[in-house]
Amino acid sequence: MADKSASPHRRTNDPEGLRLRLVDAAYAAFTASGYHSTALHDLRRETGVTGGALSHHFPSKKALGLAVIQDRVADAVEETWIGPVERAPSTAEGIRAVFASIVSELERNGAVSGCPLNNLALELSRQDEDFQAAIDAIFQRWRSAIAAKLRADLQTGTVRDLDPEAVATLVVATYSGAMAMSKACQCVDPLKICAEQLISIIRK
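Numbered according to the numbering used here, the sequence shown spans residues 0 to 203.
Mixed in with the good hints there might be a few duds.
Unchecked claim - Between beta-carbon pairs, the in silico distance windows are:
id : residue 1 : residue 2 : range
1  : A110      : E77       : 22 to 30 Å
2  : H55       : A165      : 40 to 48 Å
3  : A147      : G176      : 19 to 27 Å
4  : A31       : A165      : 31 to 39 Å
Rather than coming from a laboratory, the hints here were simulated on the basis of the structure.
Note that beta-carbon positions come from the ideal geometry of N, C-alpha and C, so glycine has one too.
Please work from the sequences and hints to get the whole structure.
This is the structure:
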């Protein structure tokens, strides 16, 4: 029997699926090569969509960029950081698990491409107010989630007497800097060192 499954580039009457495919392709391209280095015609070729279909969902490259930030980048932070920390028995254990998971993935990949949020923040935050606001909203959500976990730990006495908001900012900034250093050296040592130092600061 012939295989009648749709190929990745086959046109189907699935507007939402097409939109998701475009966002996924743009996310991969923007985080790997940069927003400005990615051309829309390359994304069209990658996804097999027409110019009209692309314009229907995203009338401009900026609209597609905002969708990538608000959907895929925000989801990545939720899945990689916020969810694991919220589900962990304590903030310190959550941080340890997050860093360990990221280090393990980077070691498997054999390369460090950096944090998608950081990469786009460095490229776009000073160039467009809408990009800046969308990126900052993710950082705010990230810090707020860690601060909430720290406040809960204060109630149970599992952390030092600390300022949850300030330490949450420290956690996010330390991770961001460690990832940038790991990208520069193409090694995971900065991430490993920073993870242990953060835990020593937080744990009682």
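Run through the hints listed earlier and report the numbers of any the structure violates, in increasing order.
none
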